[in-house]
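Engineer: Here are the chains, one letter per residue:
Protein chains: 4
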Amino acid sequence: MSPDTAAADRRFTLTLGCPDETGIVARIAGFLADAGAWITEAAYHSDDDSNWFFTRQAVRADSVDCGIDELRRRFARLAADEFHPDTEWRLTDSAARKKVVVLVSKESHCLIDLLGRARRGELPADIVAVVGNHDSLGELTESFGVPFHLVPFDDRTAAFARVAAIVDEHDPDAIVLARFMQILPADLCERWSGRAINIHHSFLPSFVGARPYHQAFARGVKLIGATCHYVTAELDAGPIIEQDVIRIDHSDSPADMVRQGRDIETLVLARGVRWHLEDRILVHGTKTVVFD
Amino acid sequence: MSPDTAAADRRFTLTLGCPDETGIVARIAGFLADAGAWITEAAYHSDDDSNWFFTRQAVRADSVDCGIDELRRRFARLAADEFHPDTEWRLTDSAARKKVVVLVSKESHCLIDLLGRARRGELPADIVAVVGNHDSLGELTESFGVPFHLVPFDDRTAAFARVAAIVDEHDPDAIVLARFMQILPADLCERWSGRAINIHHSFLPSFVGARPYHQAFARGVKLIGATCHYVTAELDAGPIIEQDVIRIDHSDSPADMVRQGRDIETLVLARGVRWHLEDRILVHGTKTVVFD
Amino acid sequence: MSPDTAAADRRFTLTLGCPDETGIVARIAGFLADAGAWITEAAYHSDDDSNWFFTRQAVRADSVDCGIDELRRRFARLAADEFHPDTEWRLTDSAARKKVVVLVSKESHCLIDLLGRARRGELPADIVAVVGNHDSLGELTESFGVPFHLVPFDDRTAAFARVAAIVDEHDPDAIVLARFMQILPADLCERWSGRAINIHHSFLPSFVGARPYHQAFARGVKLIGATCHYVTAELDAGPIIEQDVIRIDHSDSPADMVRQGRDIETLVLARGVRWHLEDRILVHGTKTVVFD
Amino acid sequence: MSPDTAAADRRFTLTLGCPDETGIVARIAGFLADAGAWITEAAYHSDDDSNWFFTRQAVRADSVDCGIDELRRRFARLAADEFHPDTEWRLTDSAARKKVVVLVSKESHCLIDLLGRARRGELPADIVAVVGNHDSLGELTESFGVPFHLVPFDDRTAAFARVAAIVDEHDPDAIVLARFMQILPADLCERWSGRAINIHHSFLPSFVGARPYHQAFARGVKLIGATCHYVTAELDAGPIIEQDVIRIDHSDSPADMVRQGRDIETLVLARGVRWHLEDRILVHGTKTVVFD
Chain A
1 MSPDTAAADR RFTLTLGCPD ETGIVARIAG FLADAGAWIT EAAYHSDDDS
51 NWFFTRQAVR ADSVDCGIDE LRRRFARLAA DEFHPDTEWR LTDSAARKKV
101 VVLVSKESHC LIDLLGRARR GELPADIVAV VGNHDSLGEL TESFGVPFHL
151 VPFDDRTAAF ARVAAIVDEH DPDAIVLARF MQILPADLCE RWSGRAINIH
201 HSFLPSFVGA RPYHQAFARG VKLIGATCHY VTAELDAGPI IEQDVIRIDH
251 SDSPADMVRQ GRDIETLVLA RGVRWHLEDR ILVHGTKTVV FD
Chain B
293 MSPDTAAADR RFTLTLGCPD ETGIVARIAG FLADAGAWIT EAAYHSDDDS
343 NWFFTRQAVR ADSVDCGIDE LRRRFARLAA DEFHPDTEWR LTDSAARKKV
393 VVLVSKESHC LIDLLGRARR GELPADIVAV VGNHDSLGEL TESFGVPFHL
443 VPFDDRTAAF ARVAAIVDEH DPDAIVLARF MQILPADLCE RWSGRAINIH
493 HSFLPSFVGA RPYHQAFARG VKLIGATCHY VTAELDAGPI IEQDVIRIDH
543 SDSPADMVRQ GRDIETLVLA RGVRWHLEDR ILVHGTKTVV FD
Chain C
585 MSPDTAAADR RFTLTLGCPD ETGIVARIAG FLADAGAWIT EAAYHSDDDS
635 NWFFTRQAVR ADSVDCGIDE LRRRFARLAA DEFHPDTEWR LTDSAARKKV
685 VVLVSKESHC LIDLLGRARR GELPADIVAV VGNHDSLGEL TESFGVPFHL
735 VPFDDRTAAF ARVAAIVDEH DPDAIVLARF MQILPADLCE RWSGRAINIH
785 HSFLPSFVGA RPYHQAFARG VKLIGATCHY VTAELDAGPI IEQDVIRIDH
835 SDSPADMVRQ GRDIETLVLA RGVRWHLEDR ILVHGTKTVV FD
Chain D
877 MSPDTAAADR RFTLTLGCPD ETGIVARIAG FLADAGAWIT EAAYHSDDDS
927 NWFFTRQAVR ADSVDCGIDE LRRRFARLAA DEFHPDTEWR LTDSAARKKV
977 VVLVSKESHC LIDLLGRARR GELPADIVAV VGNHDSLGEL TESFGVPFHL
1027 VPFDDRTAAF ARVAAIVDEH DPDAIVLARF MQILPADLCE RWSGRAINIH
1077 HSFLPSFVGA RPYHQAFARG VKLIGATCHY VTAELDAGPI IEQDVIRIDH
1127 SDSPADMVRQ GRDIETLVLA RGVRWHLEDR ILVHGTKTVV FD
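These protein sequence lines map, in sequence, to chains A, B, C and D.
Counting in this note's numbering, the first sequence runs from 1 upward without gaps.
Counting in this note's numbering, the second sequence runs from 293 upward without gaps.
Counting in this note's numbering, the third sequence runs from 585 upward without gaps.
Counting in this note's numbering, the fourth sequence runs from 877 upward without gaps.
Possibly wrong hints are sitting among the right ones.
[What the hints assert, rightly or not] Here are the computed distance ranges between Cβ atoms for each label pair: (1) D:Thr-898 <-> B:Arg-412: 51 to 61 Å; (2) B:Asp-378 <-> A:Gly-138: 47 to 57 Å; (3) C:Asp-719 <-> D:Thr-898: 55 to 65 Å; (4) D:Val-1084 <-> C:Ala-680: 43 to 53 Å; (5) D:Ser-1012 <-> B:Thr-314: 22 to 32 Å; (6) B:Asp-378 <-> A:Ala-255: 50 to 60 Å; (7) C:Gly-722 <-> B:Asp-354: 36 to 46 Å.
[Stated by the list, open to error] List time: in silico EDC-like cross-link candidates among lysine to aspartate or glutamate, alpha-carbon distance up to 16 Å: (8) C:Lys-871 <-> C:Asp-836; (9) A:Lys-99 <-> A:Glu-21; (10) C:Lys-871 <-> D:Asp-1049; (11) A:Lys-287 <-> B:Glu-313; (12) D:Lys-1163 <-> C:Glu-818; (13) B:Lys-579 <-> A:Asp-20.
I should point out that these hints are in silico values taken from the structure, not numbers from a laboratory.
For every residue, glycine included, the Cβ atom is placed at its ideal position computed from N, Cα and C.
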């Protein structure tokens, strides 16, 4: 990419959620116009149920008359003066490269897919570490140039302390549980709130917990699904980011579902991770707004 | 349709389920070959889990050297001699026109769709009666040339007795609950077992019971669905015939889901009803085999 | 619906397309804020390829400090003063009920579906007339309370003159070719430009013209589709509004495709018509922006 | 896997196509029953258009009273005595491990996906070699333990001679063009007929040839697709194995389509390759029967 192209592709992205009231759109639009900002993407949502307003706006960095820090200072003043105190907002700079840590067990499909996407530049982030509780994915990970950390889970408490130490050393923007198969302790759910992303191999809220494909087989459903969600202390109950399904039929055994389900788990997790890294997701209560 | 075409399109259809053992396929194939039958569709399924075998075979009626009654007698002899006593089988003749009764409340979408399909000849059956607990769909039904029976539900027990009387007078092949919104009493579930087909407006087993779209909205799912199933005494727990989903997002209110969900309810019910009428569904325990 | 609810649901909707430049969003947002408008939906698109900007904004009518005519006058002044002369915009009032005329031949599925949706209030419009070149759908149409006009096509030129007279008498917001099977003459394509909507039973640009399902069968494709598009003088080449597909396989004959294809034609046309009537579609050159 | 499990999972698979006539099913079923064969999968198709009959039957190897060679000899005798001389059939043994060679250029997504599936045992075959015309995928390939052969394409004729030499040395069951971007010369199309599988990044027959996503963008379609097909001498016109699509909208640039299209290319190719390796595809003329 030439320097010119890179500069043209750099974005400042504002995401904001606040109690809805007339004039918010105008205030934000006026603010951006005053800074000379050329808007490349703008999305809005007014939620009737919660009476909350959400927006995401991406602007060309090279059109703005100041840097990201100054823009943040200016927006903070505007927010303090004119927005509801419960307002939550972020201003991010695509030039500040994000970091991802991936937690895995033995299943390789989501990990290989994420490593491949990162290698192709599909994710605006670097995978800086992979932590696994088995060594089976170590060599594979390292062949993509990513460090692999083996943390055996003989002693669960000690193991999670070690996992947390490795993760927190990187202060990552996303901690991705790519079929990690271990339930995060409540303190880590709290500490990584809004950053820990899990893939569950069912269409939630159906088939919470263990062996969801076997549950699906027993019930005789005609579609199986996968759900990408933020991790919270309650198992498989966090805000849903993305879901999808594939068709099965009576000829599919649980083993067939496991195999076919991998494809949908892989895609659903990849979409969720990308949206998170592109600041497309706003969490409000137990639900998400996704400006995809 | 010319007589010749009609004759060429007439089918005898065998459906059979039995404990699996070597040689069943050969015995059935030999039987059909001996009768001179030209097979136009044949489907098989061996279920590893239950060790049960299922098949559906359609043959050109004009290729068989006898009528449907004689063919049934012959097959009964074969089954008695060579098949497991638990074997269940049917032999149907497409020239014997099937009958459908539809139960409705106020929602028109599934009813209009089924009436339209019957009018176009998409269903191998006649809709012989519609029973409604409100009069709002009466004129519409009759404009398609189908009798409408109003049964108010002030007294639920009396009402169901009246519904049952109307339905049973026709001895229909299918009783379709097209958003009927009333829970069938256990005795009718039993009497109409394997013939009563319901459409539930969620992707079961998620969101059983009332107001599933509101439940879906509250949980923040990213897809909503519909499920067509045989009615059993346990609410929304009967053998699933067909399911499908559509994508929603944060901007969809429960009212939007109700509107969009109609499209998927309509399609899923129509598929289930057609497969049932074409003898494509074999029920085994709490699950279905669908040879679509 | 109570008067209060009705008032709360009334919307003024602005759609606008213009050459892109910095500050447009702010000017529009400022304009709406000055009028006291409570924005309920806002969507934007900047097209890199044409360097054109598009927006659609819906506001609560009861929040605006004037009526629709005055709002139009004010916006016209703003546009004249501050927007590029090529700017195209509309301001519509959901209280001004729209009108639809449907053109049909013998196939009933799209017509029944649209009549059903209009009956349920899913479309913000009335179907004011149906014109058919066969009488087979007349009784059906009238059972929904809609006038049916039979125009035989023995003399194509005279027939189209008659069709045009019936249509133009209503000055409809949409002329829907619901499997009309007649090619509109160029002068009507021109006169009804941006208002005439067709459903073609293939996934365009594959299988233009006659018997697309037979073309699809001959090629051996694994999906068949339908395309809703604005009618232009070049056959099946108008701006595409919506498309969708369904899966088929080797066992599906052209007749099976015709039957299954109806479901997707019906849905795709219904979506396109609804979006058109809700002012969600902006045409630019040979393409559409759809703010669904 | 224990030896017992492995033995239970071993299959002999018969695929057959012949002119349709009464009694074929019975002859095959009788043949298998005589050999003691326990059928685990059976699929049939009678093609009305060509009047051709197709079947695929998988039986447990450990249920058959002879080995694969003797079974082939017996079936050859049956076919010679009782089947039409145009009959084409194969009998394969899942214990005879298949071989795949993959041809690539610079794009990594299909290759990584296939290597991942082979590693997980999802494909009943080994990827024995990857041939690339750039070196960018060499290290990645070798990290999966697969040899990579760099063949620069400065001299196209010499390059294809070298590619053919590498491929033919392995006598592979499938030659997979995983976004190879080079058009096979006619002699290789002929030599590898029925074994060379390509992925084209459009929903054929739309957008044949170069830069299909840019063609799709220019036309303004609302879905983009991918097509897996056998390679023939006419570009992008071989028998279609599998297709699928994903939804796009006006906000997607050609670059966005390229990125999103990768997901569907990957899945469609993977399905096609697996079906081919599992003997699920019968080619007849320009079309395929896929018993998936």
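Engineer: Each hint needs a verdict: does it hold in this structure or not?
Structural biologist: Hints, verified against the model:
1. D:Thr-898 <-> B:Arg-412: 51 to 61 Å: 33 Å, violated
2. B:Asp-378 <-> A:Gly-138: 47 to 57 Å: Roughly 52 Å apart at Cβ, these two residues keep to the hinted range, so it holds.
3. C:Asp-719 <-> D:Thr-898: 55 to 65 Å: Since the Cβ atoms of Asp-719 (chain C) and Thr-898 (chain D) sit about 45 Å apart, the hinted range of 55 to 65 Å is violated.
4. D:Val-1084 <-> C:Ala-680: 43 to 53 Å: 47 Å, holds
5. D:Ser-1012 <-> B:Thr-314: 22 to 32 Å: 53 Å, violated
6. B:Asp-378 <-> A:Ala-255: 50 to 60 Å: Violated, at about 27 Å.
7. C:Gly-722 <-> B:Asp-354: 36 to 46 Å: 37 Å, holds
8. C:Lys-871 <-> C:Asp-836: 33 Å, violated
9. A:Lys-99 <-> A:Glu-21: Answer violated: Lys-99 (chain A) to Glu-21 (chain A) is near 36 Å, above 16 Å.
10. C:Lys-871 <-> D:Asp-1049: 44 Å, violated
11. A:Lys-287 <-> B:Glu-313: 51 Å, violated
12. D:Lys-1163 <-> C:Glu-818: Between Lys-1163 (chain D) and Glu-818 (chain C) the Cα gap is close to 31 Å, so the pair fails against 16 Å, i.e. violated.
13. B:Lys-579 <-> A:Asp-20: 48 Å, violated
Figure legend: structure checked against the earlier numbered hints; hints not met, in rising order: 1, 3, 5, 6, 8, 9, 10, 11, 12, 13.
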